[in-house]
Amino acid sequence: MTDVLAITEHRRGELRDPSFEVITAGRELADEVGGDLHLGVISGDVDAFAEDLNRDGVDAIHTVDYGEEFNHDVYAQAIPQLFEASSASILLMPNTVNGLDYAPAVADDLDLPLVTDAVGLEGGDVTEIIREQYGGKVEATYDIDSEAFAVTVRPAEWPKAEGDGDAEVAAADVDIDEDAIGSEVTGFEEVGGGDVDITEADVLVSIGRGIEEEENLPLVEELADALGATLSSSRPIVDNGWLPKNRQVGQSGKVVTPDVYIAIGISGAVQHVAGMKGADTIVAINTDPNAPIYDLADYGIVDDLFDVVPELIEEFGGEAPNL
Amino acid sequence: MKILVTVKEVAEVEDEFQISGLDVDESYLEYDLNEWDDYAVEEAVQTSEENDDVEVVTVTVGPERSEETIRMALAKGADRAIRVWDDALEGADYLSTEAKAELLAAVAEEEDPDLILSGVQSGDDANGATGVALANKLDMEWAAVVNTLDLDIEGQVAHVHRELEGGIEELTDVQTPAVLTIQSGINEPRYASLRGIRQAQQKPLDVNELGDLGLDESTLESDIERTSMYEPESEGDATLWEGSPEETAGELANFLRDKGVVDG
Ligand SMILES: Cc1cc2nc3c(=O)[nH]c(=O)nc-3n(C[C@H](O)[C@H](O)[C@H](O)COP(=O)(O)OP(=O)(O)OC[C@H]3O[C@@H](n4cnc5c(N)ncnc54)[C@H](O)[C@@H]3O)c2cc1C
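Going down the list, the sequences are from chains A and B. Quick note on numbering: my numbering labels position 101 of the first sequence as 101, and the sequence is numbered without any gaps. Quick note on numbering: my numbering labels position 259 of the second sequence as 582, and the sequence is numbered without any gaps.
Everything labelled a hint here was simulated from the structure, so no lab data went into it. Keep in mind the model is a prediction, meaning the values are calculated, not measured. Cβ atoms here follow ideal geometry from the backbone N, Cα and C, with glycine treated the same way. Be a bit skeptical, because a hint or two may be false.
[What the hints assert, rightly or not] Covered stretches of chain B, going by a simulated chain A footprint (3 or more residues, C-beta under 8 angstroms):
| hint | region |
| --- | --- |
| 1 | 396–409 |
| 2 | 472–478 |
| 3 | 493–502 |
| 4 | 531–545 |
[As the list claims (entries may be wrong)] Footprint (simulated), chain B over chain A, 3 or more residues, beta carbon under 8 angstroms:
| hint | region |
| --- | --- |
| 5 | 100–113 |
| 6 | 231–245 |
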């Protein structure tokens, strides 16, 4: 038997979606290798979490009632103990910001080969893991020649598990050495408030690194004006300080669901896509026909934005700025 | 105080490319300093400018070609650089997180830094795992995805913000020595000045082979093997408008009018 242990995630009292996605991914893998699916729930209101996580396909839930919020030193101590106690050989973790804050340490402690950000998993004699590289332009497969391994799975790649389960829920016998806790979470802060709420917009003109220079921004501002749209952006534009943080679309920015999202000079990196894939209609303007944004787009123009956008502005009676 | 910064030269793929074997064909790759490492270098250099007696050392696992990138980091203000490479690495077709962390840990053990900064991820492989694995090997504390750093050198605490999903930051105190993985946007990386570029040529850049670090080829062994690389079949069914910019812009304009986004 090759059991799978999947680790769940919560924040400020709520389970996060990847918790339910690792159940689906874990169940699939457990079926392929012929084993049970165990879940680990660490910190917070573990009993309430366990109740919610008890979904179809889960065999056992191990709770560790220690502390309120995520602390990687607690996770890094608890998970190896859960792994050994559950006699699992496959460790599944979410490829979230917090997942990446403990998974490499846990894999190292357990001496497990680690593959991160999996978008596909196939069990068998050897497990094959699919991941993206070079900003999503290619995919690669990795064979793991070991029964025991660790993998983190990309958020939103697997559907969330549903249906009631009848897993056995039990408090795990885990020792946490307080002296080995060298980090302390002292609070949270929300960022990105401000004048404009891009989540409310029906039409977003969104600009990415393709704009090259801050001096070129008036071009897309003019387009947004002509369309009566709101201007948003990918991360590098905000990192450069060209637009405020409240304009950033993506994993660490805002999740938007406009009727129309016009992505201009944006490659469509996974962390960007996390924020805009729910748009009703997606239009991309990008010189690179292989840019991942075209996997998502409904309409596209494979051309230089500096040629196309001025034409568009004129279409709507505006005047393209002289750059 | 000494800050060690892990610096990687990453490959970027041109718009049109071909795959040969298990990787994108070399002729379609362009190399550059990893975006996230650029922010890590800047954070280290700013710390050295704000405090007395801070030495900034970079460490890179990479072939001779990567020295161009390393010189870039030196030009931006790092004091010296270490590069790890040898024939065994040249021959290895896949370097696992574990192996990378092991190589970097061997350098860190010799250097004994008070702080290690690395990028959150590399733009090409995007494993996002090396920094935390390195911390664990060194028995140091760590924090991943740091977008604000307030270092209390005396008190040996790094007050950091970790950027979580959905516009929320976690405030965390981490005991140093520690490894912090640096998120883009934490600062404004400087351009290398001409003077900096000239000075960088004079700065020490040491090359270490596995043996110099007390390691051997077994460090590179891994149960993980890359077995294929391919262009994913486009899942999309985008309608691509073709023609001159005037024509394509016209199509998009018509579409937006039909949609009722704009009238007239
Ligand atoms: C933990 C973490 C969280 C992150 N959170 C976010 C987030 O919330 N939001 C976000 O956006 N990113 C986020 N990122 C960053 C993300 O990985 C990418 O780096 C980023 O989305 C890339 O932005 P981009 O598409 O604008 O730039 P690039 O990837 O550089 O793409 C630029 C595109 O412009 C095209 N282009 C260039 N010139 C032209 C031209 N003249 N005309 C037309 N097209 C042109 C190019 O072909 C390319 O496709 C995060 C990363 C990490 C590690």
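How the hints compare with the structure:
1. 396–409: Coverage by chain A is violated here, the residue count being 0 at a Cβ distance below 8 angstroms.
2. 472–478: Coverage by chain A is violated for the region 472–478 of chain B (0 residues, Cβ < 8 angstroms).
3. 493–502: It holds, with 7 qualifying residues against the three required.
4. 531–545: With 1 residues in contact (Cβ-Cβ under 8 angstroms with chain A), the coverage given for the region 531–545 of chain B is violated.
5. 100–113: Result for this restraint: holds, n = 10.
6. 231–245: Coverage by chain B holds for the region 231–245 of chain A (7 residues, Cβ < 8 angstroms).
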